[in-house]
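S.K.: Here is how the chains run, residue by residue.
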Amino acid sequence: MSTSTPVGRTAGESWRLLRKPLLITGVIVLVSIVVMIASIAPTSGPFSPDSTEQNGARALSNLLQKHGVKVTGSEYLADAVESGEGKTLLIGPNGQLDRDDLRRIADARWSHLILIRPGDRALEILAPGVRDSAQNLSYSSRQPGCDLPAAVKAGTAEVGGAAYTAPPSAKVCYGDGINNTVVRLETAGRIVDVVGTSRTFTNAELADDGNAALALNLIGTHQNLTWYLPQYEAGDSVADDSGPPLVPPSVRYIAWALAFAALIVAIWRGRRLGPVVVERLPVIVHAAETTEGRARLYRRSRARDRAAAALRESALGQLQKAHGIPRRAEPSAVVATIATRTGWDPLLVHEVLYGMPPMDDVALLNLSDQLDVLTQEVRHP
Amino acid sequence: MVLTGRAAVLAGVGVLFVALVLPSWGGIGLVIAAVVLVCLVDILLAGSPRRLQFSREGDTAVRLGQQAVVQLLVANPGRRVKGLLRDAWVPSAGVQDPPHRLDLPHGERRRLTTHLVPTRRGDRQADRVTVRSIGPLGFAGRQGSHRVDWTVRALPPFNSRKHLPSRLARLRELDGRTALLVRGQGTEFDSLRDYVPGDDVRSIDWRATARRGNVVLRTWRPERDRQVAIVIDSGRMSAGRVGDAPRLDHAMDAALLLAALATRAGDRVSLLACDSAVRADVRRPAPEDVLPSFVNALAPVEAELVQTDFRIVVSQVLERLGQRSLVVLLTGLDPAVIEESLLPVIAPLLRRHVVVLASVADPRLTELEATRTDLIDVYNAASAARTRLDRDRLTATLTRAGVTVVDENPDQIAPALADTYLALKKAGRL
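Read top to bottom, the protein sequences are chains H and L.
Going by the UniProt record's numbering, the residue at position 300 of the first sequence is 300; the numbering climbs one at a time, nothing skipped.
Going by the UniProt record's numbering, the residue at position 384 of the second sequence is 384; the numbering climbs one at a time, nothing skipped.
Just so you know, these hints were derived from the structure itself, not from any lab.
Calculated from the model, a selection of chain L residues having no Cβ within reach of chain H, i.e. all distances over 12 Å:
| hint | residue |
| --- | --- |
| 1 | V62 |
| 2 | H163 |
| 3 | S191 |
| 4 | V216 |
| 5 | V295 |
| 6 | R311 |
| 7 | I312 |
| 8 | S315 |
| 9 | A416 |
| 10 | K426 |
Derived pair list, reagent style SDA-like, types lysine to any residue, alpha-carbon separation capped at 25 Å:
| hint | chain 1 | residue 1 | chain 2 | residue 2 |
| --- | --- | --- | --- | --- |
| 11 | H | K321 | L | R372 |
| 12 | H | K321 | L | R393 |
| 13 | L | K82 | H | G12 |
| 14 | L | K82 | H | T10 |
| 15 | L | K82 | H | R9 |
| 16 | H | K321 | L | T395 |
| 17 | H | K321 | L | D392 |
| 18 | H | K321 | L | L389 |
| 19 | H | K321 | L | T420 |
| 20 | L | K82 | H | G270 |
| 21 | H | K321 | L | T397 |
| 22 | H | K321 | L | V405 |
| 23 | L | K82 | H | P275 |
| 24 | H | K321 | L | A396 |
| 25 | L | K82 | H | R269 |
| 26 | H | K87 | H | S169 |
| 27 | L | K82 | H | I267 |
| 28 | L | K82 | H | W268 |
| 29 | H | K321 | L | T366 |
| 30 | H | K321 | L | D334 |
| 31 | H | K321 | L | D407 |
| 32 | H | K321 | L | A370 |
| 33 | L | K82 | H | V265 |
| 34 | L | K82 | H | P6 |
| 35 | H | K321 | L | D390 |
| 36 | L | K82 | H | G8 |
| 37 | L | K82 | H | V7 |
| 38 | H | K321 | L | N409 |
| 39 | L | K82 | H | A11 |
| 40 | L | K82 | H | R271 |
All figures in this text were calculated on a predicted structure; none of them were measured in a lab.
Note that the Cβ used here is the ideal one computed from N, Cα and C, for glycine as well.
With the hints as constraints, model all of the structure from the sequences given.
M.R.: Below is the structure:
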């Protein structure tokens, strides 16, 4: 009889053992998630007020904030259509907004609208009369050439890019009078600035020339600035009516359900009925291992002399035993006896039993065969 | 925790449900929740494998190649346990049974039988008993293991016992239990009896004849109550594999046959297995206890990859043998080892005792020497011839020193050693 003891941990023991590591891991994961969420910028990409890239506008955003302007970056249309009385809205250069969205922005009664390199649709609704001249001005230091206070204060600035033609009521700056990169339109209670040059206000260029002063005076007119960067998805240009999708949408869910089923099957098949039992095994060495090893050494070093000597000695022993020749007999006596018993030529017998070591492999093979035949004849005379 | 095929089927049905009825995140959530819930309920309702109580009984020893039966008793003080039970042993214990099916209601006991056919000599241990208890729904369950210690000792097979009857018959002839009693068949005086025509006249005791008045014959019988010490070398020379077993196992076989024969001949046999330390030691057991005690002592002995220290062998043998005895040394005929470590220390042994050195020859060498088809074979043959010549030379050296050498193939070593023993006994050299 023998009694049993359970092996392994109970659920409670496992829990007690694991709770500390689990707690620590949980805290680490939680903290890193919080830090990650906190450090995610609300906007990103070119001309973003949070981007520190060459084409970002973090420098401008900081500069504005230092001068008491509250900058709110956003990628959502909702922030651009809220009531904007006494506030500035800056619309970034990229993205596509459809007419409805633009009209809602127009209706939001922003006191100051700044359009950075707007498209035709935006110009039509938000800055009627201003048109893209379809001519790009080269990027260089230019005189304001107008009486816009912001431009006059800034003096020369490095501008270039898209140029616009404006109706006579508008103030046009930084251009040749027809094609201008900065256009100010003052309509009923609202100032609209159309700026063709976005590069002037990026991190890379802001410190040059009068760029910073131009930006501050142009953009920092109100205490609140909403910096809206339209995204491509927001527009109506996304083709959502391009026919039926290539894969039915349910395939994705079926794939997830299949993955879950695969997990269940893996757990079902993967669980062993107890661990693999291990055992200490004895060493296995074949007894003839050393002999075979020595044969390989003979072959590698082409020790034909040693091999031939061993074969001859062995054959001689057998012959002496079979013919009753004394072990210490003279070679000549041995040769004579064997020659008479077998009928071989005595010279040949001498050559086979006492000759020179073979010179090559063929000679060794021949010698081996002759010794074999000689001893065979003794066994079966 | 374990899951069953049913849980997998349920998950598969879930895939169909998601595909056909509810292709959404909600559908997937529903399926996962259903599977997890069913499995959790099943796990909670399954009987606890940890609370089972085990005990074992059955065989503790078996001759190698035969079947041992070990019983496992399971008692269940808890909820009903239904599922599988695996009685795990080390691989060389040779468990014959697949995992047992178990259905054990509360408060009942079951007796499960495990059949073992060990594949290797020595102590074979039970590992652990693992129970997988599946819940009443059959979707999931619990698994737990218990350690229930048990050891089955696989004894040397003693295959050479088939040679015992013929050797015993020859022993009886020697012993005088069969007819002819002439001088030469023993040196111990047995009795006087009347002369019968045909008896050897050289055996006539003239003094007794003169006293009695009729012709009286002296009879002789082989010596009895001699000591035989069998020494098995368990060092690296015995590790080499000849045929399908190491030299050590062939040596054990020969030792057992010799021990059985010598015991029947009235001699006292002792056993020593030794390499760099003594591995097995049986000193003069009672005659009826010789084979069991030898077999038991030899069972766990394995060949160690160390050089045997023959000084230990010699001192141990000298210590335990008083009178002139037979010392049988079962080792290998390795010229380097024997010449360097045995010959320098064997002199005291030879002065007082008769020494027989038995070695298992490798038939592979004969085979190598006979095959000569290509160059590789010729080099092999030359190497094998060199090995044999060295052995022959060593045999001659040992014979000159007074050691009787028995060098035979594995299937012949046991009867050859027994014959050598009988020949020595017949010649009265013990």
